Amino acid sequence: MNEESLREKEGSKTPVSFIEQFIIDDLKEGKNNRRIHTRFPPEPNGYLHIGHAKAICLDFGMAQKYGGKCNLRFDDTNPVKEEVEYIDSIKEDIHWLGFDWEELEFYASDYFGKLFDFAVDLIRRGLAYVDDQPAEVISAQKGTPSQPGVESPFRTRSITENLDLFERMNKGEFDEGSRVLRARIDMTSPNMHMRDPIIYRIIKAAHHRTGEAWKVYPMYDFAHGQSDYFEGVTHSLCTLEFEVHRPLYDWLIDQLKKDDYRPRQIEFNRLNLSYTMMSKRRLLELVQEGKVSGWDDPRMPTLCGLRRRGYTPESIRRFIDLIGYTKFEAINDVSLLEHAVREDLNLRAPRVFGVLNPLKAIITNYPEGKVENVTIINNPEDESMGKREVPFSREVYIEQEDFMENPPHKFFRLAPGMEVRLKGAYIIKCTGVKKSENTNTIEEVYCTYDPDTRSGGHASEKKVKGTLHWVSAQHATDAEVRLYDRLFNHEDPAGQKEKDYREFLNPGSLKILKGCKLEPSLKSARPLDKFQFQRLGYFCVDYDSNEGSLVFNRTVPLRDTWARINK
RNA sequence: UGCUCCGUGGUGUAAUUGGCAACACGUCUGACUCUGGAUCAGAAAAGUUCAGGUUCGAGCCCUGACGGAGCAACCA
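Mapping of the first sequence onto our numbering: residues 1 to 567, in sequence order.
The hints are simulated quantities; they were obtained by calculation from the structure and are not laboratory data.
Incorrect hints may appear among the rest.
Subject to a maximum C-alpha distance of 20 Å in a straight line, what follows is the list of computed DMTMM-like cross-link-like pairs (lysine to aspartate or glutamate) [to be verified]: (1) K215 with D186; (2) K423 with E389; (3) K434 with D485; (4) K429 with E419; (5) K171 with E103; (6) K514 with D492; (7) K142 with E92; (8) K514 with D560; (9) K370 with D452; (10) K31 with E4; (11) K81 with D121; (12) K114 with D186; (13) K360 with E443; (14) K423 with E401; (15) K360 with E343; (16) K280 with E92.
If you anchor each label on the Cβ, the simulated ranges turn out as follows [what the hints assert, rightly or not]: (17) D500 with P15: 36 to 42 Å; (18) K511 with T441: 15 to 21 Å; (19) P380 with D260: 55 to 61 Å; (20) S293 with K434: 20 to 26 Å; (21) K370 with G515: 22 to 28 Å; (22) A563 with V371: 32 to 38 Å; (23) P407 with P380: 52 to 58 Å; (24) T441 with D485: 24 to 30 Å.
For clarity, every value in this text was computed on a predicted model and none was experimentally measured.
Heads up, the beta-carbon is just placed ideally off N, CA and C, and yes, glycines get one too.
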């Protein structure tokens with residue numbers, strides 16, 4: 001980034017995060033040749049969720065804004081936890097979100113050779129040693145956060161012996177767990193991570209990329225910073241829990257670096273969303289235990305889940321923009337995410353008629369067999385989306401909730417003797433109901449219409465309190481509609497000391513409605529097509545859908561002040 | 001009990017580096033409306049965890065409390 005364009009960025013009034021400020025300062029000071037280079041480093045052990053989206057937007061976003069590059073690097077240092085299946089999904093999700101790493105696709109496993117050489121170098125300089133003690137002993141010697149550790153009896157082993165042992169560890173001569181390589185730093189450090197951290201362990205599982213080539217694998221701390229260094233990364237952005245790792249990150253870079261260049265680790269707050277849970281391990285449990293239908297269950301906070309639910313990448317990026325990056329571990333309200341989709345879909349989603357809980361209304365004075373096409377505006381927010389014709393006839397479906405025999409005060413819908421407009425068509429008046437003999441439930445309502453009130457017609461200015469959506473019964477197409485609510489009924493389901501998160505699963509998080517009636521134009525809708533069902537919410541065609549049997553997911557309901565009043 | 005980090009309306013973030021605490025979501029009014037949506041206009045809501053100190057002046061600097069989070073995988 002040159003000085004001129006940097007000054008330009010500075011001139012803009014929009015506040016920048018503390019991270020962006022660091023980047024600006026580093027650029028101004030001329031660090032690393034005025035270069036910015038970031039990386040997004042997922043471990044391929046699960047699907048990306050919206051928390052990763054926060055990191056992706058930062059990593060790719062900063063590089064983009066300041067004329068830099070962003071690498072996609074798979075942090076694949078633990079062959080027993082990682083699978084190729086995840087790599088493809090991760091790439092797909094990043095692209096879907098709207099970012100591109102171009103040719104910069106890397107793997108920590110690409111550096112196993114260099115990392116091994118660096119470890120050997122540390123041994124030669126007396127900065128690493130092979131420890132023969134079992135895990136429990138090493139762990140006990142580490143001390144506790146408030147008590148210093150004690151040194152391993154193997155700490156003073158000769159360089160020659162260490163070199164020999166480390167080579168043989170990698171040849172597979174020793175069992176898993178029998179020996180590790182440790183950095184020799186300081187067993188009394190107040191920082192636990194500096195107490196001779198383990199940097200290599202023996203794992204005899206096949207790696208998805210390097211196969212059987214290695215028997216020893218580097219730990220996260222020994223791979224991450226060095227990978228940054230090898231790739232020329234300048235700003236290594238990660239979440240707050242790695243803050244205490246930074247001294248080790250810097251220590252290792254100090255041993256590795258040969259000139260002025262050095263990557264800098266900066267930590268920000270991870271995303272916590274109310275009523276949801278972000279831990280990959282627990283999300284995997286939900287999938288494995290069948291609590292959800294899969295990683296892409298529309299109730300999951302995964303990117304594939306949100307996509308299936310009907311969220312747009314724009315809305316997710318917008319949400320992340322709204323919450324910002326700080327060092328305060330906050331719980332962000334899901335309603336802000338919902339606001340972001342509504343804001344986006346309001347501008348883009350065509351409005352259609354869909355009746356979720358149908359009730360047949362018969363317009364007794366409308367000629368039998370007659371069909372009129374009424375013209376409906378596709379999106380009042382965007383004239384360019386045009387208009388369409390919707391068939392109207394003597395029998396229509398309306399929403400059960402839109403009719404009450406004995407309505408309360410301020411009920412602006414249909415009730416005996418009351419008038420409402422059927423949107424885009426006529427004003428109707430309820431004249432009676434038909435109830436079932438035994439259960440007393442309402443089966444049909446009878447109405448009359450006023451032929452002068454057709455929308456756009458000469459007497460169409462007549463005002464009524466309510467406007468209902470409707471679908472012509474003989475033209476309707478049936479559909480299944482899946483309604484979603486929050487997966488958990490606790491604000492912080494995973495953060496409760498005494499209780500397992502499973503106890504907070506919301507039993508009503510999925511409601512399946514069958515026999516919903518949709519306007520005929522929806523027959524040709526394809527998976528992921530998004531609509532606003534007028535007066536109800538935003539809906540998206542599910543993958544399970546096909547021309548013969550439509551399936552819709554409710555992304556989010558519309559704001560509903562009437563429902564709020566009646567709570 | 002050690003170390004590291006963090007405390008600003010209900011929630012999440014700002015405050016151009018010490019100068020009238022601002023924005024968004026949410027909430028509540030009112031207008032408009034053939035979506036109880038959207039849009040528009042407005043309101044309530046924090047004196048910045050607390051106590052000292054420096055200063056003409058502190059959310060910002062200093063000291064000390066209090067509160068929260070993280071750190072003791074051969075996970076990342």
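Against the structure, the hints come out as follows:
{"no.": "1", "hint": "K215 with D186", "verdict": "violated, 27 Å"}
{"no.": "2", "hint": "K423 with E389", "verdict": "holds, 13 Å"}
{"no.": "3", "hint": "K434 with D485", "verdict": "violated, 33 Å"}
{"no.": "4", "hint": "K429 with E419", "verdict": "holds, 4 Å"}
{"no.": "5", "hint": "K171 with E103", "verdict": "violated, 34 Å"}
{"no.": "6", "hint": "K514 with D492", "verdict": "violated, 32 Å"}
{"no.": "7", "hint": "K142 with E92", "verdict": "violated, 42 Å"}
{"no.": "8", "hint": "K514 with D560", "verdict": "violated, 23 Å"}
{"no.": "9", "hint": "K370 with D452", "verdict": "holds, 16 Å"}
{"no.": "10", "hint": "K31 with E4", "verdict": "holds, 17 Å"}
{"no.": "11", "hint": "K81 with D121", "verdict": "violated, 28 Å"}
{"no.": "12", "hint": "K114 with D186", "verdict": "violated, 25 Å"}
{"no.": "13", "hint": "K360 with E443", "verdict": "holds, 7 Å"}
{"no.": "14", "hint": "K423 with E401", "verdict": "holds, 16 Å"}
{"no.": "15", "hint": "K360 with E343", "verdict": "violated, 33 Å"}
{"no.": "16", "hint": "K280 with E92", "verdict": "holds, 18 Å"}
{"no.": "17", "hint": "D500 with P15: 36 to 42 Å", "verdict": "holds, 40 Å"}
{"no.": "18", "hint": "K511 with T441: 15 to 21 Å", "verdict": "holds, 20 Å"}
{"no.": "19", "hint": "P380 with D260: 55 to 61 Å", "verdict": "holds, 59 Å"}
{"no.": "20", "hint": "S293 with K434: 20 to 26 Å", "verdict": "violated, 39 Å"}
{"no.": "21", "hint": "K370 with G515: 22 to 28 Å", "verdict": "holds, 26 Å"}
{"no.": "22", "hint": "A563 with V371: 32 to 38 Å", "verdict": "holds, 34 Å"}
{"no.": "23", "hint": "P407 with P380: 52 to 58 Å", "verdict": "violated, 28 Å"}
{"no.": "24", "hint": "T441 with D485: 24 to 30 Å", "verdict": "holds, 25 Å"}
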